[in-house]
Amino acid sequence: MNMEGSSLLVNINVLFFAKSRELAKTSRAEFTVESVIKAGNLLNQLIDSFNLNTISNNLIIAHNENYIENLDTEIHLHKGDEIAVIPPISGG
Amino acid sequence: MDHIKLTRNKIDINLIQQLTIDKSCGACSIFVGATRDSFEGKKVISLEYEAYENMALKEMGKICSELRVQWPDVKHIAIYHRLGNVPVTEESIVIAVSAPHRKAALESVSFAIDKLKSSVPIWKKEIYENDLIGEWKANMECPWPPFSETSSRTFEFSSCKIEHQIDNISDNKLVQIKVNDSELNRRVKCFLKRKRDEINLYNIIDFRQQTTDPALLESIVGKDSCARTQSFLVKQQQSKGHLKVCRATYNSGPQVRPNYSFQLNKLMTRQNDQYEAAKCKVLRNARLQNAKL
Chain H
1 MNMEGSSLLV
11 NINVLFFAKS
21 RELAKTSRAE
31 FTVESVIKAG
41 NLLNQLIDSF
51 NLNTISNNLI
61 IAHNENYIEN
71 LDTEIHLHKG
81 DEIAVIPPIS
91 GG
Chain V
93 MDHIKLTRNK
103 IDINLIQQLT
113 IDKSCGACSI
123 FVGATRDSFE
133 GKKVISLEYE
143 AYENMALKEM
153 GKICSELRVQ
163 WPDVKHIAIY
173 HRLGNVPVTE
183 ESIVIAVSAP
193 HRKAALESVS
203 FAIDKLKSSV
213 PIWKKEIYEN
223 DLIGEWKANM
233 ECPWPPFSET
243 SSRTFEFSSC
253 KIEHQIDNIS
263 DNKLVQIKVN
273 DSELNRRVKC
283 FLKRKRDEIN
293 LYNIIDFRQQ
303 TTDPALLESI
313 VGKDSCARTQ
323 SFLVKQQQSK
333 GHLKVCRATY
343 NSGPQVRPNY
353 SFQLNKLMTR
363 QNDQYEAAKC
373 KVLRNARLQN
383 AKL
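Quick note, the sequences are listed as chains H and V, same order. Heads up: the first sequence at position 53 corresponds to 53 in our numbering, and the numbers run straight through without jumps. Heads up: the second sequence at position 221 corresponds to 313 in our numbering, and the numbers run straight through without jumps.
The reader is advised that the hints may include incorrect statements.
Stated by the list, open to error - Simulated crosslink set (BS3-like; lysine-lysine; CA at most 25 Å straight-line):
# : chain 1 : residue 1 : chain 2 : residue 2
1 : V       : K217      : H       : K25
2 : V       : K229      : H       : K25
3 : V       : K150      : V       : K167
4 : V       : K217      : V       : K167
5 : V       : K167      : V       : K97
6 : V       : K97       : V       : K115
7 : V       : K150      : H       : K79
8 : V       : K97       : V       : K207
9 : V       : K209      : V       : K97
To be verified - The following residues of chain H were derived to be distant from chain V, with all beta-carbon distances above 10 Å:
#  : residue
10 : Q45
11 : F50
12 : N58
These are computed hints drawn from the structure, not numbers from a lab. All residues carry an ideal CB built from backbone N, CA and C; glycine is no exception.
Using the sequences and the accompanying hints, generate a full structural model.
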């Protein structure tokens with residue numbers, strides 16, 4: 001069996017916040033993607049699918065409430081995992 | 093104890109202080125973050141806070157743990173952040189820490205607010221008087237995107253009032269470039285480099301040897317001549333050297349006139365003394381004798 005895993009697809013939940021929510025016109029969506037994927041690749045797919053091009057350079061993602069700042073990281077996704085699109089924060 | 097909360101209600105600072113009271117604590121340090129009414133000269137009419145709530149609470153919890161590691165004396169911690177619409181001047185965040193002595197309390201609160209601004213997924217949107225769509229803000233402390241040079245060179249609107257506001261520029265020949273200094277510098281640098289490379293390339297092309305001699309062509313096929321010198325390195329036959337010397341012979345010019353060498357020497361010896369003249373005469377004549385006339 002091909003252990004690259006890239007052909008296996010999973011259904012994940014994507015959350016959008018702040019500007020990304022306004023551009024995507026939704027705060028959450030379901031998305032199907034390869035189960036083993038580089039963070040940057042996943043982000044690019046989300047950018048293309050949800051109209052986030054104008055802020056594409058400023059985003060990072062969070063996987064199950066953990067930041068993934070290094071977009072070269074390979075993530076292993078399971079059904080129902082939560083991916084959040086995170087624009088630059090401004091709390092406090 | 094750690095008290096972490098996201099609330100849509102007005103934050104009660106006194107209540108928070110109450111949460112941190114302890115008979116062992118002689119100090120309680122409280123930071124209150126409120127909302128300002130202006131940003132870059134624009135009047136803010138309201139602020140909206142949004143959070144990735146589950147993760148925000150998780151990150152706030154991590155801050156509490158870090159405080160307890162760095163300041164083991166810390167007794168109670170309270171971090172309350174307001175969400176939703178926050179009217180101007182009201183509190184958006186309150187951080188309170190109690191400890192036996194003030195050093196731990198003061199330092200840990202300072203650390204906590206800095207850490208919150210760089211790690212807790214909460215977003216603020218400012219709505220302005222003249223711009224009801226508003227703007228999502230980004231903290232300087234936020235570590236992404238990697239290059240946030242915009243924050244280090246913001247325009248000092250407070251010291252420079254906007255005198256004129258033009259809404260419609262009718263001249264179509266004008267192009268407005270709305271980028272910060274660093275981006276502008278980058279664009280100018282790129283243009284200069286590109287122009288430089290272009291000029292260099294044209295220099296090489298312009299000075300390239302244009303030759304129709306088939307023998308020469310064969311030997312230089314695929315080789316570029318050097319800009320400005322039109323010279324080639326050609327291996328000399330039956331020699332270990334690589335240099336072939338070509339002598340230029342001109343079939344026109346003053347040197348083909350009769351008595352050329354005589355006339356030339358006459359002209360040159362006028363300025364020199366006899367000894368120099370004799371020396372020159374010997375050298376120059378020798379060279380002239382070898383040249384084809």
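Verification of the hints:
no.: 1; hint: V:K217 x H:K25; in the structure: holds, 16 Å
no.: 2; hint: V:K229 x H:K25; in the structure: holds, 19 Å
no.: 3; hint: V:K150 x V:K167; in the structure: holds, 20 Å
no.: 4; hint: V:K217 x V:K167; in the structure: violated, 34 Å
no.: 5; hint: V:K167 x V:K97; in the structure: holds, 18 Å
no.: 6; hint: V:K97 x V:K115; in the structure: holds, 24 Å
no.: 7; hint: V:K150 x H:K79; in the structure: holds, 22 Å
no.: 8; hint: V:K97 x V:K207; in the structure: holds, 16 Å
no.: 9; hint: V:K209 x V:K97; in the structure: holds, 16 Å
no.: 10; hint: Q45; in the structure: holds, 19 Å
no.: 11; hint: F50; in the structure: holds, 16 Å
no.: 12; hint: N58; in the structure: violated, 5 Å
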